[in-house]
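Asker: Single-letter residue listing:
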Amino acid sequence: AQSVAQPEDQVNVAEGNPLTVKCTYSVSGNPYLFWYVQYPNRGLQFLLKYITGDNLVKGSYGFEAEFNKSQTSFHLKKPSALVSDSALYFCAVRDRENSGYALNFGKGTSLLVTP
Amino acid sequence: GAGVSQSPSNKVTEKGKDVELRCDPISGHTALYWYRQSLGQGLEFLIYFQGNSAPDKSGLPSDRFSAERTGGSVSTLTIQRTQQEDSAVYLCASSLTGSQTGELFFGEGSRLTVL
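Which chain is which? The protein sequence lines are A and B, in order. Under my numbering, the first residue of the first sequence is numbered 443, with each subsequent residue one higher. Under my numbering, the first residue of the second sequence is numbered 43, with each subsequent residue one higher.
Hints are computed from structural coordinates only; laboratory data are not their basis. All values derive from a computational prediction rather than experimental measurement. Please note that a few of the clues may not be correct.
Stated by the list, open to error - List time: in silico EDC-like cross-link candidates among lysine to aspartate or glutamate, alpha-carbon distance up to 20 angstroms: (1) A:LYS549 / B:GLU145; (2) A:LYS491 / B:GLU127; (3) A:LYS519 / A:GLU539; (4) A:LYS464 / A:ASP451; (5) A:LYS500 / B:GLU145; (6) A:LYS549 / B:GLU86; (7) A:LYS464 / A:GLU508; (8) A:LYS549 / B:GLU150; (9) A:LYS549 / A:GLU457; (10) A:LYS549 / B:GLU127; (11) B:LYS99 / B:GLU110.
Based on the provided sequences and hints, a complete structural model is requested.
Answerer: Listed below in structure tokens is the structure:
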């Protein structure tokens, strides 16, 4: 079985401050990990993914995420938040060895960046 | 446009009626997914199509739900005898191939309200 947990329903950050959106995963094998963002009344957009190799992955709009196998985490980070980063963020996982083709998503974390 | 197109964008129906939701994937994408997004529930996988292979229907919540994909392109999700708990945003996504590492491209969704 594969699953993702996003422990925070909402994260509030002041503009210019660093932001972290947390994600932990559970798979029986090795994971492929993804982050997506959903702006209001829009579909989800791909941000970044971890497949293999370097644990620090860089993606769109200045976001990055660090794969930590021992902590089974894949937290999303950005050094300096923008008001325009306010959106709903989803972490997703596929089990490399044991899943079908479904990408399992977390429940989402709402990020609010205030001026 | 070149993105995933879904119609209708909004659908209000009465309990017990049947509804059809349409998805037109990105041209050339062989993989197509349907997800359901409910408030506070994240994204729930429904069904996956890959080329001419048998679809993965493991996420369909009941036999009232069905989907087909004609000619390897357009897909229709049908919900028969709708119930109030079917109210949600139904998201379609496509991917260039069925690779486990490939990112999904999402449409803007069809919002279904069952009265």
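Asker: Below or equal to 20 angstroms on CA atoms is what counts here, so check LYS519 (chain A) against GLU539 (chain A).
Answerer: The given pair, whose Cα atoms are some 28 angstroms apart, is violated under the 20 angstroms limit.
Asker: Regarding the pair LYS99 (chain B) and GLU110 (chain B), is the alpha-carbon distance no greater than 20 angstroms?
Answerer: Distance ~11 angstroms between LYS99 (chain B) and GLU110 (chain B) Cα, so the pair holds.
Asker: Is the Cα-Cα distance between LYS549 (chain A) and GLU145 (chain B) 20 angstroms or less?
Answerer: Roughly 18 angstroms separates the two Cα atoms, so the pair holds.
Asker: Does GLU145 (chain B) lie within 20 angstroms of LYS500 (chain A) when you go C-alpha to C-alpha?
Answerer: Distance ~15 angstroms between LYS500 (chain A) and GLU145 (chain B) Cα, so the pair holds.
Asker: Is the Cα-Cα distance between LYS464 (chain A) and ASP451 (chain A) 20 angstroms or less?
Answerer: Holds: LYS464 (chain A) and ASP451 (chain A) sit about 10 angstroms apart, inside 20 angstroms.
Asker: Do the alpha carbons of LYS549 (chain A) and GLU150 (chain B) lie within 20 angstroms of each other, as the hint requires?
Answerer: With a Cα-Cα distance of about 18 angstroms, the restraint between LYS549 (chain A) and GLU150 (chain B) holds, given a limit of 20 angstroms.
Asker: Against the 20 angstroms threshold, does the CA-CA distance of LYS549 (chain A) and GLU127 (chain B) hold or violate the hint?
Answerer: Satisfied, since the Cα-Cα distance of roughly 18 angstroms is no more than 20 angstroms.
Asker: Given the hinted pair LYS464 (chain A) and GLU508 (chain A), is their Cα-Cα distance within 20 angstroms?
Answerer: Between LYS464 (chain A) and GLU508 (chain A) the Cα gap is close to 10 angstroms, so the pair holds against 20 angstroms.
Asker: Is the straight-line distance between the alpha-carbon of LYS549 (chain A) and that of GLU86 (chain B) 20 angstroms or less?
Answerer: Given that 20 angstroms is the threshold and the Cα spacing comes to 9 angstroms, the pair holds.
Asker: Below or equal to 20 angstroms on CA atoms is what counts here, so check LYS491 (chain A) against GLU127 (chain B).
Answerer: Given that 20 angstroms is the threshold and the Cα spacing comes to 33 angstroms, the pair is violated.
Asker: Given the proposed pairing of LYS549 (chain A) with GLU457 (chain A), does the C-alpha separation stay at or below 20 angstroms?
Answerer: This hinted pair is violated, its Cα atoms lying about 24 angstroms apart.
In summary, the numbered hints that this structure violates are 2, 3, 9.
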